[in-house]
Amino acid sequence: MKKLTLKALFVAGFAFALSSAYAGESVYDKCLSEGEKLIEAAKTEGRAAAENVDENLLASCKAELTKMEEAAMKRAGVDPAQNTHNPYKFMTGEERVKWSKLWEAVDAMQGRGVRFLQNAWYGGDPGNRLDEMEKTGKIPADWR
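Residue numbering for the sequence shown follows the numbering used here, beginning at 1 and increasing consecutively.
Accuracy of the hints is not assured; some may be wrong.
Said to hold, decoys possible - Below, computed lysine to aspartate or glutamate pairings styled on EDC-like, alpha-carbon distance capped at 16 Å:
1) Lys-30 to Glu-64
2) Lys-101 to Glu-69
3) Lys-67 to Glu-95
4) Lys-89 to Glu-69
5) Lys-98 to Glu-69
6) Lys-62 to Asp-107
7) Lys-98 to Asp-29
8) Lys-62 to Asp-29
9) Lys-30 to Glu-104
10) Lys-101 to Glu-64
11) Lys-30 to Asp-107
12) Lys-98 to Glu-36
13) Lys-37 to Asp-107
14) Lys-62 to Glu-104
15) Lys-101 to Asp-29
Simulated from the structure, these hints should not be mistaken for lab results.
Input sequences plus hints: build the corresponding full structure.
Shown next, in the form of structure tokens:
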């Protein structure tokens, strides 16, 4: 009976650790992973890939964007309510990269954005296909 109880405790502890690891994932990471999934899904599903997006996740991603923008403005001594400039102006280089990646994910969740639409319309990066056309002089069979 002791062995069974110890095994059950071990399994329960392991399950808790896994759930805690997932719960510990930040909103930023969740948004990026969802955005990347949608961008990849657009290759096969087209624009329909963005139809079943979790609206709560989208709202939390937008809130994360606002939080990043306001933090940069406050650090620069600018009142976010009175700001007339692009928040990008007040960010460091690292913040700009994170901000733009998050915007890309939000755009993908809304069915827009350059990478999402390229995948939806061309089935992937059109640059590779254009290179192939230049080399062979022929339009690929799977060109959309």
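- Task: Check each numbered hint against the structure and report the violated ones by number, ascending.
- Result: Every hint satisfied by this model.
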